[in-house]
Every structure is written in C-alpha cells, then in structure tokens.
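J.: Mind docking chains B, C and D on chain A? Use the hints.
4 protein chains.
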Amino acid sequence: MDWKTKISDSNPNGAVIRGYDLEELMQHKSFTETIFLLLQGHLPNEQQTKMLNAIFVSSIDHGIAVASITSARTALSGGSPLQAGVAAGILSIGDFHGGAIEGAAKMLQQNKDTPAAQIVKQFVEQKKRIPGYGHKIYKSADPRAQKLLQIAEELGIAAEYCDKAQDIQNELLAQTEKQLPLNVDGAIAAIISDMQFDWRVGKGLFIIARTPGIVAHLHEEMDEKPVRRLDNYEYAGEKGKKLP
Amino acid sequence: MDWKTKISDSNPNGAVIRGYDLEELMQHKSFTETIFLLLQGHLPNEQQTKMLNAIFVSSIDHGIAVASITSARTALSGGSPLQAGVAAGILSIGDFHGGAIEGAAKMLQQNKDTPAAQIVKQFVEQKKRIPGYGHKIYKSADPRAQKLLQIAEELGIAAEYCDKAQDIQNELLAQTEKQLPLNVDGAIAAIISDMQFDWRVGKGLFIIARTPGIVAHLHEEMDEKPVRRLDNYEYAGEKGKKLP
Amino acid sequence: MDWKTKISDSNPNGAVIRGYDLEELMQHKSFTETIFLLLQGHLPNEQQTKMLNAIFVSSIDHGIAVASITSARTALSGGSPLQAGVAAGILSIGDFHGGAIEGAAKMLQQNKDTPAAQIVKQFVEQKKRIPGYGHKIYKSADPRAQKLLQIAEELGIAAEYCDKAQDIQNELLAQTEKQLPLNVDGAIAAIISDMQFDWRVGKGLFIIARTPGIVAHLHEEMDEKPVRRLDNYEYAGEKGKKLP
Amino acid sequence: MDWKTKISDSNPNGAVIRGYDLEELMQHKSFTETIFLLLQGHLPNEQQTKMLNAIFVSSIDHGIAVASITSARTALSGGSPLQAGVAAGILSIGDFHGGAIEGAAKMLQQNKDTPAAQIVKQFVEQKKRIPGYGHKIYKSADPRAQKLLQIAEELGIAAEYCDKAQDIQNELLAQTEKQLPLNVDGAIAAIISDMQFDWRVGKGLFIIARTPGIVAHLHEEMDEKPVRRLDNYEYAGEKGKKLP
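Listed in order, the protein sequences are those of chains A, B, C and D. Position 24 of the first sequence, counting from 1, maps to 24 under this note's numbering, and the rest follow consecutively. Position 40 of the second sequence, counting from 1, maps to 40 under this note's numbering, and the rest follow consecutively. Position 92 of the third sequence, counting from 1, maps to 92 under this note's numbering, and the rest follow consecutively. Position 49 of the fourth sequence, counting from 1, maps to 49 under this note's numbering, and the rest follow consecutively.
If you're looking for bench data, these hints aren't it; they were derived computationally from the structure. Hints should not be assumed to be uniformly reliable.
The list treats identical chains as one, so a pair stands whether inside a single copy or across any two.
Taking lysine-lysine and the DSSO-like style, the derived pairs with C-alpha atoms no more than 30 Å apart in a straight line are [claimed, not checked]:
no.: 1; residue 1: K128; residue 2: K106
no.: 2; residue 1: K4; residue 2: K121
no.: 3; residue 1: K106; residue 2: K127
no.: 4; residue 1: K4; residue 2: K106
no.: 5; residue 1: K178; residue 2: K4
no.: 6; residue 1: K128; residue 2: K147
no.: 7; residue 1: K147; residue 2: K50
no.: 8; residue 1: K241; residue 2: K178
no.: 9; residue 1: K112; residue 2: K241
no.: 10; residue 1: K242; residue 2: K127
no.: 11; residue 1: K106; residue 2: K225
no.: 12; residue 1: K112; residue 2: K128
no.: 13; residue 1: K136; residue 2: K239
no.: 14; residue 1: K241; residue 2: K50
Isolated chain A, as found in the complex (with noise of 0.2 Å):
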C-alpha cells in the first residue's frame, strides 16, 4: 500500500514541519506552537498559543489514582521499559476517561446548524446523555470548565462553538429539569471547535497532554518495589470441582 503524506519529511539536507523547517522551528517556536502546526497546517497566533497552553496544562496530570496513570505504573512494575509503560498507560484514555472531549466535540461539530434546543430534545427522546456534560461531584458548575471557558473569553477565542455548549447547558435544565453543567471535557472540545480543530484529535489533544504526567509518573515508579499486586479483591467463583 501506498505511504504518502503531507505531514513532514526528512532527509539528509534537513527536516520539513508542515512546510518550515525543523531547524528554524528549533529556535523560534514553542512545543506548543509547533504541535498546533503539526496539526492544523498553520502556525498559531499569539491568543490560539496561550489557549492551547492553557488545555494542555488542565489536562498533563490528575494525581496517581486514575485509570492511565494506575495501569501504566502496573505495567512498569512488572519489569517492562518507559515505553511500554507509557503505552499501557495511554491505552486507558477510551471514552470514558478522556475520550468525552472527542465526542463532545465530535456533537457540537455534527451538529453546527442545530438549534442548542433541538440538539438537547433528540438526546432526551433517544435517552441518550450529551457527551460533556455533567458531573460526579460539581452539580452545578465545574471550576475546571468554567476557568478555561473565562480564558477562551479573555484571548477572544470563544465564539459559536462555546456559546452553543452554553445554551445546551441551558436548554438540558429547561428540558429535564436537571442541572447538567458543561465540564471539563465539554469545556475544552467547545474551545478547540472553535480553534478549528477536527474533532477527530479531540482524544489526541488529551493524550498528548497527558504524555508527560504518565512519564513524571512512571520516573517516580522506578524507584519503587516490583511488582504490583492487588492487595484487596474477592474470589467470587466456584471451589473444589473435580475433573470427570
């Protein structure tokens, strides 16, 4: 099969980002600068960088407790490279643990010329939830969600996307009568649809962000004892059959 791309190259006279190259990148641009060229084909302006910091940062580590980090340290401890724990660790972003931003956003796009109340009112008939939205512990607003929507407003990045994910937030309370607020996840895939972002990278943008607190995580694992064992667990199965 054919391998074509119109990413990047590299050969012996120097490498090429998305048509600048690499080495006068190196010296002027961000990480961050150059991930949103990787991915949109442009460069950022001076506002879409400081947002796009700003969604990486609320997203690079939530402590040692969560799915990615739990099941790359696990992966670690058994004597594996950083590399397959980096992996074991980005296997446990799906969609429910990262995976909203892109279906949130993945809703808003599919769906830019629906009225908010027509949008809320096809996911109340098919009982279905709105990705984005609600939350286990903050019933009525996320702090996270509500910090990066005030960023989005300050560097003027805000627009239809962000203030559709309100009016929807509106609407489900109209609706159902259920405080349903925007969160984190819902928060950031209506600020990077209005960045422009597929939402097809939705996932990406949070693996990417979480790449390095899995790193920071399994660099403090190193210096600890293999391998991890549950301590706490119920054998809840049949005992003491016996071969025919």
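T.: Then chains B, C and D, alone, in the frame of chain A:
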C-alpha cells in the same frame, strides 16, 4: 528495508506454515502442536505436545490480583476496545512478571558446558540473584515447579537442563546456606531448554499462555462500571506553593 | 473500586480456574480445553475441543505482510522487548483486521429470531455491508470458510447459526444480485455462535490465535538489523515556507 | 501494594502539581514549563524553558518513514482507535529509535568524574559503541546536534556535560582515528544532563516530543483506506511438506 520470512505465507492459493498447508493443519493438528511448529520449525511428538500443553496451562491465569490482569482491566475500563486491554495486560509482562523464564533459560543455555558449582560461584561472587530460584512463599519447594518437573520426567522430556537446574539448586544451598528452591519460572526454563526452545522465546511462551487469561478477565470486565480508580492512595507531595 | 472475579484465584494453597485445581488441569487437560473452560466456565467435549483447535489454527499466522505482523516487527526493530512487539501487533487487530468475527457474531446473535431475508433487507436498505461476507479475491466461495464449515458439520457442531449464516449468503445473492460469499471471519462467527461463545469474545479468540504467530515473527525479527524504515514513500506536502 | 506519590493530586477542591494549584498553572504557565515542573519538581527559568522547547521541537516529527510512525499508522489502519495507534507508535521507541538519548545520558551521568580519555578507552577496549556518537549520513558533523549545542551555548545552559560530550568526540577521533561526530541523540543527552534531568527520563523526553507527531500522522491516516499490507516481501521458507 527488505521484508523476508521463513515462517509462513498466504496467497490466493492457500496458506503455508513452515512448509505445511494451513488447511491440513486445521484438520489434523491441535493449536498447541501448531504453536510448536511455528516456533521450532518442525512438528512435535506426542510427549512434546503434552509437555507444552502442561506448561501453557500452568501459566494461563493466576487470578485478578496480578499485574497483567489489573493493567488490562484498568485499560478496558477507560473505554478502550478489547485489543487495547490485551495489549496493556501483555505490557505488564516483563523481567519481574513472567520474565524470569527467559532469564533462567538464558542462564542455562549460555552456561551449557559450565558445571553448576561454577555457575553458582559466579553469581554469588557478583552478588546477583540467579533467575528462576527462590519464592516469596514456598521456602523449601515450589509445588508447581515440582509438578512440571514430574510431568517432564514421566514424559521422558527431562534431560541435561533439568538435571543442571536441580544441581544449581543444591549448589545454592551448599554455597549460600540458604534454601532457594527452583521456582515455577525456573522449572519451565529448564524444561523448554530440554525441548530445544531458544531462550529468546521464553517470555513469548508465557505471553502465549497468559493471553487467554487476559481475554477472559476482559470479558468479565465488560460488565463492570467504568472507570477503575484507586480508592486508596497517599499524596505525599508539597501543597500550597505560590507562583512567583 | 472493588475488584471481584468469578474466573480464577491463586494463593499459597494452589490455584483454581473456574473451580478446578490448576495442577489437575495441567496434568489432564490441553491448552485449548483450558481456554474453553476459562471463557465459557465449563469444560468442552471432544467435538468442541477439535472445533476450537481448528478455529485457532485457521487464524494462527497468515504471513509477514499483514498489519499485525508488520507493526509488531517494526516495533521490535526499534529496540523494544518482545512484550512490546506483541502488544504493537495486537493493537493492529481491529474492526478491519480480525474484527469482522466479532461484528458478524454480534449480527447473528442479536438477530437470533430474525429471518435471514429480513436481516439482509435491513442492511441493504441502510446501504451497510453485512460483516462476514465478501472477499477481495474469492468471489464465489472462500475455501477456508468452507473447510471450517465442513469440519463443524462433521463434528456435529454446526446448528442454527451456521444455517442462518448460509441463508444470509443466499439472500444476499437474491436481494443484491451480487455474490458475497460467507468469508472466513463470517464462518468463524457462525461456528462460535453455535458453540455458545458470547460475540464479545470474538475478537479475543482471534487475538489468542494470532499471538503465537506474532511471537514467531518477533523471534525471527531478533536476527534482523535495526531499525525498520520505509524505503518507499512520497512527501506530498509543502516546502520552503519561511517563518514570519 | 501501597500507592503513594509526591507528584500530583486531584480532589473536589482542585488539583495540585508539585505543590502548585493546577488552575494557576493553566493561566500563567506554558505546557513546556509545566512539563519541566512535573519532571524536576520546580519551575524552569526562561532559558531552561527555551532550551526544552528546542529539544522537543527537534524530535517532534521526522516524517512517515520512521518506525514510530509506520507502526502507529499500521495499527490504526486495522481499525483500532487513536489511543491504540499512539501506543503502537510509542512501542517502536526503543534502544535503537530515540533510545540513544537515554543511553548517552546514562553514560555521561554515570561517568561524571571520569575523564573523557578514560571513558573512550573503556569503550574501545570492550569493543562497544559509545551511545550518542556516529551517524549513517553525517560523517563529520550532525547539523541538528550542532544547532542544539549552539542554542545551549547562547542560553548559557551548556556546561560540564556539553564540554565532556565534545571532549569524548575528540578522544574518539584520537584513539580510533575514526570520525564519530556527536549526533542529535548525544547532543540532547549532554544538554539535558546539564539541565539536571535524570538520565532515566531521557527516553521519556523523546516520547513526549514525538507523541504529537504520531497523533498528526494518525489523523492523516484516518482518511486512508484500511488495511495496510506489505506489497513487497519474500517468502523464503519451505513449501509443499506433507503431514506424516
């Protein structure tokens, strides 16, 4: 880079494994026999097949508390599909979890012509642990190791490597005055060495054996609620620092 | 989160799989029988064991050119250990590579009481492909599918799902006037459904089967020079852009 | 096993990274600064931030032909989700692909007080390659290494390890009469050592840098047809064998 293989081929006229027609193998040979064929290049006899079955069954699943199962179930719980969960489980299989099979087989095969006393002397002088010896719980004898060696004995598989493995156990006691019994990893290492398996597939045999256990646990995990989260941990780091 | 399992346990007194003592299984049951036990909770009879062996052997290895092997060998060539290569190989097993087993088994099991004609009508109306039918090369009949169905017939395993699978093939011809023969994924899906396997382990059976093939290829790759690099690709992107 | 961390925490009152409030970091610190904080435990100064940006950008993406990209795109092409593709890509990052950073940093840090001449003498006597030196194409000087060292010089980052790295290059020429220039991996190793990074995160820095490149390539792969298959390979094994 050139891609070349001596193992297998598949084309519209059919598939071949080590020279044999795949459809004939399907009809006349078991999974275990075909695994032996794949890895060694020739078909096993009846004793080798029984021995390999016993080795695979011995490692197939040791409960929910081990690293390969908890990392797999944690990954799936985040919303990733089955293949991602299996991969996360296999990534926990390293030098400290299943990996001693490879270490012990390497030690045995690379010291084929070295007397047991001298092997032990070298490890003792370098203050290194000999892989495949010692067990947290079984201080004098590991029952699973003994069962495997007994089967190898009965089938006429046990030969120079099984003898050497037991000589090393005796030398360890003589030279260190500590009981470090041959454990299940060490027993498998000795037996597969007597079966002419390259030590470099030692970890591979364990991975083949454990994959069905991981799949069974992931099937069970599919009915659990997302997302796995540690309910007991300690944050021992700093708090309340202010940005400059 | 609570960890609970009905599958297996292991403690200093021994290990148990679905109620049976692991040491007894080692001595009396094959790898394939124990895999069946793990996944279904009871031991297979002789016919089920033969059938499962045939299914595993049919999928064990299809050469170096398929995605699961090239991704595995590429990963190992970068210097990662065996377990990382196996994981990279398994990660290539998705909806389009081995995954049709799961899709077809789901379709069959969820339409247990729906006549073949109606199933086909629904897919045709929605302009969707029915998983498990059609083959790039075999336009009228997939020989490996036929061989598996013949074995299922001979062993008395083939029942309602195998019948339904063939009815669907006939209906496809009748309703679309296209020959879309039951392929090997579809045949496995029908047979495992008649063996009472949950469709949700369909991809898992393929992964179990293919893991030894991946290990064999990685063993071969260990003697190749690092690092795999495409020797033929096209850079179709921009060049010579200047930073502002 | 006890789970304990000094890195980060998250609870309903907010999240903390190395003692700093996550919301404050979101607002005031860049992604790169927060990565430095995560890995080193304190915030970087302006020069360190610029240097780390240059290192990340230098490794972010080197085209479609490298192992980490082809394994990632191959995995995705089989129908697995983004996170599985990213994991497959990262699993290609090993001792021979990105891993020399770690090897070279280890060599430098573990020989902190050994003169360059003696380090080279040891490697030469053991007939081992010194990690971080030599390049397939650049026989006398690796331009990317030189650019990074120049930036390190300008920022006042370059210190004892950068000096040592260049002394080793000179000693290699003197003792072996071969030109083995410090390559980009070796230059990064020297610079991160002068920045006080533990050599055990060397591969981690490369993984963090490359993850966005992998995500960008997977985004592009989403529009390709499934499934990647080698179109050129050789089957060099046996044929036409008959079962006994």
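J.: Which hint numbers does the structure go against, in order from smallest to largest?
T.: Those not satisfied are hints 2, 5, 8, 9, 10.
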